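S.K.: The chain contents come next:
There are 2 protein chains.
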Amino acid sequence: MDRIKNIKKNLKGNFDALLVSSLPNIIFLTGFDGFSSEEREAYLLITKRKNYILTDARYSEVVNKLSGFELAEISSNRHFAQALKEIVLKEKINKLAIDEDNLKVSEVLKIKIAVKICPDESLIEKMRAVKDENEIESIKKACNLGDKTFEYILTQIKSGITEKTLAKKIEIFILKNNAAVSFRPIVAFSKNSSSPHHVAGNKKLEKNEIVLLDFGVKIENYCSDMTRTVFFGKANNTQKKLYQTVLEAQTKAIEYLKSSINASSVDKTAREHIESQGYPTIPHSLGHGIGLEVHEKPSLSPKSKDELSIGMVFSIEPGIYIPGFGGVRIEDLVFLGKNGPKIMTRANRELIEL
Amino acid sequence: MDRIKNIKKNLKGNFDALLVSSLPNIIFLTGFDGFSSEEREAYLLITKRKNYILTDARYSEVVNKLSGFELAEISSNRHFAQALKEIVLKEKINKLAIDEDNLKVSEVLKIKIAVKICPDESLIEKMRAVKDENEIESIKKACNLGDKTFEYILTQIKSGITEKTLAKKIEIFILKNNAAVSFRPIVAFSKNSSSPHHVAGNKKLEKNEIVLLDFGVKIENYCSDMTRTVFFGKANNTQKKLYQTVLEAQTKAIEYLKSSINASSVDKTAREHIESQGYPTIPHSLGHGIGLEVHEKPSLSPKSKDELSIGMVFSIEPGIYIPGFGGVRIEDLVFLGKNGPKIMTRANRELIEL
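Residue numbers (the working numbering), protein chains in the order written: chain C, 585 to 938; chain F, 585 to 938.
Everything labelled a hint here was simulated from the structure, so no lab data went into it.
Every value quoted in this text rests on a predicted model; they were computed, and no experiment measured them.
Treat the hints with care, since some could be wrong.
No copy labels: a pair is met if it fits in one copy or bridges any two.
[Claimed, not checked] Okay, derived cross-link-like pairs now, DSBU-like style, lysine-lysine, Cα gap no bigger than 30 Å in a straight line:
1. Lys696 <-> Lys887
2. Lys748 <-> Lys649
3. Lys775 <-> Lys649
4. Lys700 <-> Lys889
5. Lys926 <-> Lys889
6. Lys752 <-> Lys802
7. Lys752 <-> Lys787
8. Lys669 <-> Lys887
9. Lys725 <-> Lys787
10. Lys753 <-> Lys788
11. Lys788 <-> Lys775
12. Lys634 <-> Lys674
13. Lys818 <-> Lys752
14. Lys694 <-> Lys889
15. Lys802 <-> Lys748
16. Lys836 <-> Lys753
17. Lys725 <-> Lys760
18. Lys674 <-> Lys818
19. Lys775 <-> Lys752
20. Lys596 <-> Lys889
21. Lys760 <-> Lys748
22. Lys700 <-> Lys710
23. Lys694 <-> Lys679
24. Lys669 <-> Lys649
25. Lys802 <-> Lys742
26. Lys788 <-> Lys725
27. Lys649 <-> Lys788
28. Lys592 <-> Lys710
Chain C extracted, bound-state conformation (with noise of 0.2 Å):
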């Protein structure tokens, strides 16, 4: 409960009530993991007061047992909303902060109540790039099951499979070890690694072709997320030299990581490696933070104003990418700790021949 005690902090100043609708936030709060993910099934509304599931009676029985929050039953004859107005009536709400990059606008038409709706400023968030023990641990263990699955799949390319199947070979070999995937793997083979977010097709695997594998696994409602990049055969000089660029600007950034210091610089450091070798500049940005979600804060990217504290996890996956011919990239996950960065995905960079 100390996250929604940290809301209320915020919640004296900026706004009087806040409004969560994201799943992963919803997650987050509650530690409930089993509103659809498909559907809109529930809201939370935080209070200076109280906090309240705005949900159907259906999950009557677990939000009883979720200590610190009230039911605010909703069904389909009665609408969020209308379950919201009450509240908002009651405890005297002028001010409701509202999630913006997640609230539909049919959902906002709907709150038709005397009431001033203002951006939430993201305080959950920033609240959840920083992560505890309990999310490195789970982490952690997503990240080792990826790196078994990166040593599994290297037994399993083959000349003439295809991308798909060894996409699907993945995400089977994920499941049998009872986790999900937390996104759709990429895999990319020859000129379609240039792509970086290539679909994976039916290309068939020939002799001397890159392969890039791209894939997160999720346990315990955390994710991971890694990529190789390696070669079927032998790696002619190009494509060697491709791959010691990429993993000497993942290693620069690495070794630039501390506290405090701006996201953008972190990026800086391995694009300026990049290019100084004369090739393309990476046309993503260098990394993402992780957690409940793929990508979350903080984000490493030119722009970006995050600033990098004790406690995050992100990826950092530089990448070159050279249209008709291929591309490599490198992606591991990050965590800053007090001692400095330690990364979570421990499966081989080096380059590898199969």
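Given the coordinates of chain C, work out where chain F should sit on it, guided by the hints.
M.R.: This is chain F only, laid out in the frame that chain C set:
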């Protein structure tokens, strides 16, 4: 491009341009399914004169291949509303329709243009409710694999197996058959089956317990959905009566189906039969349309204003749920053809005792 033509007809009267933001709608109109489902990567803008895809340069090759669409480039330096503004000014658009159920508050706040914003009247969702031959073919494939999955899973139901393990087996079987699940499978044993949306847990199966299985397949972007309730051991008389009543309610509803009737009257048919036998009413709607999404138009619920018409595909899924005892639900997909309703899911609907 008939779909786009259909939209343009509506543009004449109601609004000058339509901003399309939901991914299923983008797939429906372009046929391209490569945009991320996790992040907002693209919007469509359908105007009287042209059709634009607002997306970043990574997709320029794809957009060039899509006949009838023009790229309006967006990037991290140029958000969609800026690209939108240029088109609005160039084409003198006065009234812009948006998807209020999909667009986020923060997105609509970015549209700082002198343009009247209005709801899109679910134009595309209404079109999507009536399927063409290709769509029916894809749903049929998904249903067939669903049937195969059910046959397979019957061989896996054993004493001591957990709900989670059985749910995982469903997922792996579907993946191995080159498809994806259309939603997280529901597996509920014994009294857990009295919760319509139970999340598979660690409950172990014991003799003479109910096994409720609700799962779906996604093939070529189209979904299936089915529920079967089977008995591990012998069903007692109470369970048999429950099962027969649900099956009768489903049969009555399917026999009642024809074109040009209110969806609510179908719901009523099943609901009244269940109530007439002294059971609690169905705590959810009788059914829902299905296609690119698991839940789409029409809605077969007591308050639905939708009318059924030829070409629609929807579920018929009555259920009886008795807290502390258990529940029975039987769900099939029905295609409303010229010659009447046709059940697309073919798995055995008679009471199964294992």
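S.K.: All hints, please: hold or fail.
M.R.: Hint by hint, here is what the structure shows:
Proximity of Lys696 and Lys887 under a CA criterion of 30 Å is satisfied inter-copy only: 23 Å between copies versus 37 Å inside one chain copy. Taking the shortest alpha-carbon separations for Lys748 and Lys649, only the inter-copy value of 22 Å comes in at or below 30 Å, while the best intra-copy value is 43 Å. For a Cα distance limit of 30 Å, the shortest separation of Lys775 from Lys649 across copies, 19 Å, qualifies, whereas the shortest one inside one copy, 53 Å, does not. With identical chains, the CA atoms of Lys700 and Lys889 are at most 30 Å apart within one copy only, with a shortest distance of 28 Å there and 34 Å across copies.
Taking the shortest alpha-carbon separations for Lys926 and Lys889, only the intra-copy value of 23 Å comes in at or below 30 Å, while the best inter-copy value is 58 Å. Proximity of Lys752 and Lys802 under a CA criterion of 30 Å is satisfied in both settings, with 16 Å inside one chain copy and 14 Å between copies. For the identical chains of this complex, Lys752 and Lys787 are neighbours both inside a copy (14 Å) and across copies (28 Å), given an alpha-carbon limit of 30 Å. Only between protomers do Lys669 and Lys887 lie at most 30 Å apart by alpha-carbon distance; the minimum there is 23 Å, versus 39 Å within a single protomer.
Proximity of Lys725 to Lys787 under the C-alpha cut-off of 30 Å is restricted to the inter-copy arrangement: shortest distance 23 Å between copies versus 32 Å within a copy. Taking identical chains as interchangeable, the C-alpha atoms of Lys753 and Lys788 lie at most 30 Å apart whether they share a chain (15 Å) or sit on different chains (28 Å). For the identical chains of this complex, Lys788 and Lys775 are intra-copy neighbours only, at 12 Å inside a copy versus 48 Å across copies, given an alpha-carbon limit of 30 Å. With identical chains, the CA atoms of Lys634 and Lys674 are at most 30 Å apart within one copy only, with a shortest distance of 12 Å there and 51 Å across copies.
Taking the shortest alpha-carbon separations for Lys818 and Lys752, only the intra-copy value of 25 Å comes in at or below 30 Å, while the best inter-copy value is 38 Å. In this homomeric assembly, Lys694 and Lys889 come within 30 Å of each other (Cα to Cα) only across copies, at 20 Å, whereas the closest approach inside a single copy is 34 Å. Taking the closest pair of Cα atoms, Lys802 and Lys748 come within 30 Å of each other both inside a single copy (20 Å) and across two copies (15 Å). Taking CA atoms no more than 30 Å apart as the test, Lys836 paired with Lys753 passes in neither setting, with 33 Å inside one copy and 44 Å between copies.
Both within a single protomer and between protomers do Lys725 and Lys760 lie at most 30 Å apart by alpha-carbon distance, with minima of 15 Å and 26 Å respectively. Taking identical chains as interchangeable, the C-alpha atoms of Lys674 and Lys818 are never at most 30 Å apart, the minima being 71 Å within one chain and 53 Å between chains. Taking CA atoms no more than 30 Å apart as the test, Lys775 paired with Lys752 passes inside one copy only; the shortest distance there is 21 Å, against 34 Å between copies. In this assembly of identical chains, Lys596 and Lys889 lie within 30 Å of each other by CA distance solely inside one copy; the values are 25 Å within and 45 Å between copies.
Taking identical chains as interchangeable, the C-alpha atoms of Lys760 and Lys748 lie at most 30 Å apart whether they share a chain (18 Å) or sit on different chains (11 Å). Proximity of Lys700 and Lys710 under a CA criterion of 30 Å is satisfied intra-copy only: 23 Å inside one chain copy versus 35 Å between copies. In this assembly of identical chains, the alpha carbons of Lys694 and Lys679 lie at most 30 Å apart whether taken from the same copy (16 Å) or from different copies (22 Å). When the C-alpha separation of Lys669 and Lys649 is checked against a cutoff of 30 Å, the pair qualifies only within one copy, where the shortest distance is 25 Å, while the shortest distance between copies is 50 Å.
In this homomeric assembly, Lys802 and Lys742 come within 30 Å of each other (Cα to Cα) both inside a single copy, at 27 Å, and across copies, at 27 Å. Taking the closest pair of Cα atoms, Lys788 and Lys725 come within 30 Å of each other only across two copies (25 Å); inside a single copy the shortest separation is 32 Å, beyond that limit. Only between protomers do Lys649 and Lys788 lie at most 30 Å apart by alpha-carbon distance; the minimum there is 23 Å, versus 52 Å within a single protomer. For a Cα distance limit of 30 Å, the shortest separation of Lys592 from Lys710 inside one copy, 15 Å, qualifies, whereas the shortest one across copies, 44 Å, does not.
Going through the hint list in order, the structure does not satisfy hints 16 and 18.
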